[in-house]
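S.K.: Residue numbers (the working numbering), protein chains in the order written: chain L, 1 to 306; chain G, 307 to 1000.
Keep in mind the hints are simulated off the structure, nothing from the lab. Please read all numbers here as calculations on a predicted model, not as lab measurements. C-beta: ideal position from N, C-alpha, C; glycine also. Relax, there's no trap hidden among the hints.
Stretch-level coverage of chain G by chain L, calculated; a stretch enters the list once three of its residues show a Cβ under 8 angstroms from a Cβ in chain L:
1. 626-639
2. 679-690
3. 708-717
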Amino acid sequence: MWVEAAAFVATLPTVPESMFDPMGPVAAEQKAHMIRVVLLTMIAIVPVLIGVPLLAWRYRRRPGSKAKYTPNWGFNGWLELTMWGVPIAIIVVLAGALVYSTKLLDPARPIGPEPMQVQAIGLNWKWVFIYPEQGVATIDRLVIPVGRPVELVMTSDTVMLSPMAAALSGQIYVMPGMVTRQNLQADRAGSTTGRNMMYNGDGFADQAFTVDAVPAQAFKTWASAASGSTVVLGAADYARIAAPGTGEQALKTLGLSDGAGGAMRLGDPALFQQVVRRYHGATPITAEMQPGTDRYDGGHEGGRAQ
Amino acid sequence: MTHPIFGALTLSDLPFAAFIADPSVTEGVAAGAQVIVFLAIFAILAVLTRYRLWGPMYRDWLCSVDHKKVGIMYMVVGVVMMARGVIEGAVMRANQMTALDGGGMLSPDHVGQLFSTHGTIMIFFVAVPLVFGLINYVLPLQLGARDMAFPVMNQISLGLTAAGAVLIMISLVVGEFGTGGWTAYPPYTSRLFSPGTGTDYWIWSVLIAGVGSTLSAFNFAVTIYKKRAPGMKMMAMPIFCWTVLCSSITLIFAMPPITVSTIMLAADRYLGFHFFTNDLGGEVMNYANLFWMFGHPEVYILILPCYGIFAEVVSNFSAKRLYGYVSLVIATMAIAVLSFSVWLHHFFTMGQGVNVNIAFGVATMAIAIPTGVKLYDWMGTMFRGRVRLSTPMVYLFGFYLLFVFGGLTGVILANPTIDYQVHNSMFLVAHFHNVLIPGVLFGVLAGLHYWFPKAFGFRLAERPGRITAVLWVIGFSLTFVPLYWVGLMGLPRRAASFANPDYVPWLIWSAVGAAVILAAVGSLLWTIWTSVVHRKDLATPIGDPWDGRTLEWSVSAPPPAYNFVTIPTVAGRDPFAAAKAAGVAYAPNPVYADITAPAPTVVGFIICVISGVFGFAMVWQVWWLAALCALGIVGSVMWLGWRKPRTVVTTAEQVKQIDAPWRQAALAGPGVDRGLEFTSANRGLAAPDMVQDA
Chain L
1 MWVEAAAFVA
11 TLPTVPESMF
21 DPMGPVAAEQ
31 KAHMIRVVLL
41 TMIAIVPVLI
51 GVPLLAWRYR
61 RRPGSKAKYT
71 PNWGFNGWLE
81 LTMWGVPIAI
91 IVVLAGALVY
101 STKLLDPARP
111 IGPEPMQVQA
121 IGLNWKWVFI
131 YPEQGVATID
141 RLVIPVGRPV
151 ELVMTSDTVM
161 LSPMAAALSG
171 QIYVMPGMVT
181 RQNLQADRAG
191 STTGRNMMYN
201 GDGFADQAFT
211 VDAVPAQAFK
221 TWASAASGST
231 VVLGAADYAR
241 IAAPGTGEQA
251 LKTLGLSDGA
261 GGAMRLGDPA
271 LFQQVVRRYH
281 GATPITAEMQ
291 PGTDRYDGGH
301 EGGRAQ
Chain G
307 MTHPIFGALT
317 LSDLPFAAFI
327 ADPSVTEGVA
337 AGAQVIVFLA
347 IFAILAVLTR
357 YRLWGPMYRD
367 WLCSVDHKKV
377 GIMYMVVGVV
387 MMARGVIEGA
397 VMRANQMTAL
407 DGGGMLSPDH
417 VGQLFSTHGT
427 IMIFFVAVPL
437 VFGLINYVLP
447 LQLGARDMAF
457 PVMNQISLGL
467 TAAGAVLIMI
477 SLVVGEFGTG
487 GWTAYPPYTS
497 RLFSPGTGTD
507 YWIWSVLIAG
517 VGSTLSAFNF
527 AVTIYKKRAP
537 GMKMMAMPIF
547 CWTVLCSSIT
557 LIFAMPPITV
567 STIMLAADRY
577 LGFHFFTNDL
587 GGEVMNYANL
597 FWMFGHPEVY
607 ILILPCYGIF
617 AEVVSNFSAK
627 RLYGYVSLVI
637 ATMAIAVLSF
647 SVWLHHFFTM
657 GQGVNVNIAF
667 GVATMAIAIP
677 TGVKLYDWMG
687 TMFRGRVRLS
697 TPMVYLFGFY
707 LLFVFGGLTG
717 VILANPTIDY
727 QVHNSMFLVA
737 HFHNVLIPGV
747 LFGVLAGLHY
757 WFPKAFGFRL
767 AERPGRITAV
777 LWVIGFSLTF
787 VPLYWVGLMG
797 LPRRAASFAN
807 PDYVPWLIWS
817 AVGAAVILAA
827 VGSLLWTIWT
837 SVVHRKDLAT
847 PIGDPWDGRT
857 LEWSVSAPPP
867 AYNFVTIPTV
877 AGRDPFAAAK
887 AAGVAYAPNP
897 VYADITAPAP
907 TVVGFIICVI
917 SGVFGFAMVW
927 QVWWLAALCA
937 LGIVGSVMWL
947 GWRKPRTVVT
957 TAEQVKQIDA
967 PWRQAALAGP
977 GVDRGLEFTS
987 ANRGLAAPDM
997 VQDA
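Excised from the complex, chain L in its bound form (with noise of 0.2 angstroms):
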């Protein structure tokens, strides 16, 4: 079964990080609306661009110029009004357009019935991702079914970072003790690269994540097998892979091969809301116990007793 779901996901296109080739509604809609808003604003900027060089050029000062010159001439109220009517005009079309957007796009409302839930833990530097509905569990990579909602539940479990799927949808901070959303829809099936935005220390420019779309039914086979896996997530396998290094380095701690695709069988369903409840608790969480310190010992001292 592996080996299916391995070569389903070889053949998927990659498709580049980038809003302007959009893998879903969310994406799209937001190269829409931006390519909305350009157009728009040029209605101001045009006239900038062509009446400045004109006007330096009719009215550049050389003997015998036969251009008025009126060097007292300081107002026309008729002027003024378009001065300030037409970017006020433009402003409220396009604020307008910016509430239509925005109340369209809300990152934290679901795009249908019944949202596939995924939840994602940032680290220093990779992102882990638990599937509570499959019982399944990956490191820096997100596999979901293509044409069914998708609800990212996000925290961090370091500093603050920002998690995107540029050709999925935008990007929303993540941090320690506390949840955001981000939803988002594939219609189409393809591979395309995930990353943080946000600057975390010296792994930040690695911490890159892959976006598999699949068919309903490959992903179901896909889920099914990593459900299956002898590997296993629990809050102690966490603990220790949570310390600062690449994915790569995590799934090595694990004992993931290559082929098995970075998903393994979720040992505890509670693990997700562990991490977020952890820093609300009354007792202070020290380096040693906050896994993107230099000192953090890997939960060895009780550190994740709860």
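Assemble the complex: chain L is given as a structure, and chain G must be docked to it using the hints.
M.R.: Only chain G this time, still in chain L's reference frame:
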């Protein structure tokens, strides 16, 4: 814990120690920067000693409370720091060009320090000193005043800004700088995640310089309220003074949030508080809010005076009164007020509800309205004028060409929907450079060319000046247009490496652009140097080289220490243009009287040194030294309060000796025709030019 005498300072923090321990390329670049610093210090000491300038530097500059000298010293600080900031930018461009798959020459930590110092320096120690320098020099002269409202405090403001700048230069040679960017967002900058002293350099340089900025803002505002020439109603002030007033008020309200948030960050780092920690109720989102409550208005604090410069320049070189003065005043006020209603657009992506994002998005777009009005009003000023293509006008045209695209991308980013995509990407980096370089830097350089002959008595050479301006426009476009594109293709800001080979050609173009910008800075220095060499040909001692319209042009160049023999009485806008039109510009027989001015004092310099040492001691946790310095600062300020203010008097006879020869020359005429403005015939006296109204 730390050493009782040396605090956290160890031998490995000393200059070149890191390079000796690890002679890699990245440490080599750092060591090279340290060599440059030491060479520069050595060169300065050598010149001061060789030409016996220690005494004059101390007496005439460091102890001076003259707003003109304080202004020039601000500009020097800004230009020196700009040299470092631009070189850092070019190093980052060069590094990223080769950073495919981690191939860059610099280590990720070094890249982190570079973008952090580059941003901190460019905002706090380049843009602020350059803008404040021009304001200091020009404001009292335009208002018809002899000095700022608080001349000694002005000197102290400069001292505090310089202390912050020196502290950041020290971070280059002793220890390291933080990697948290110019915004220093916790929890990344907390002791847990940034255990070194680098972030502390950021904290103390920003805090110390911030106090200086706050004092300056009060000084500017009070000067405008209290020191205007008799008859100069608010609505008769030069437009530059209006922009300074709005900028100062904005600054007064914007500084407390960053001062507080920085102190809170320091409390977290030094005393184990939990304002912005992950645990025990710390709230990182509060930091983002507080920082940008300052950070966004700061952009307008810097750019408003530059809008003022452009307005003065376009009116002057169109030989026409400013079109839409009232509109411009209203637009300036509108921008100042709106600047406080948009800070959240720096973190649309922090997870708050859509209605909050909508409110701040619409407010952000609304700023485009008064900004657009300003650009249109200046076009209205050129309309039916007589436009002369001086260097400041080349900068204005460069501004028009480039800034509208900064505005376009600003409107794009104001849309939360699109911001989700391009936030934290190179697109954002390109956007704010597109606003700050054509807006603030071109404005400052236009102002430099415009007022330089006033300050030094000779013009800057026109040809190299225009070449510099064109190099800036080309260099900017080459550097930042590709960055917009790679940002849209997904390259995040602050990345030490990347995996997508498609970025490489664009990043090479960007690095070429950075080289052109370096050439522009070189060309700027060359312009100044060649102008100094040819200062006799370029001399404009009478003081009105551009057929100016406002009071600063009515005095000699450079102006006497007291600025005005008699404080002018003003009847309306553009008083000097009106006086020239009426033929009464230079009164033949002024009444000479004694002029009293505050005496020079060394207190600003002392506070500069003590606060610099205080910052250094706090960074390295040398508590005894920090305590001593804190006492010293408190003591100096108390001494200021109790001392008997000393004054110096320039007697009527002395004033006459300085003034009479100049006045005779000004009255002797004839002035220079505008057609010969850029030739050596221009001695700073303007002939009447095309005065007819059609």
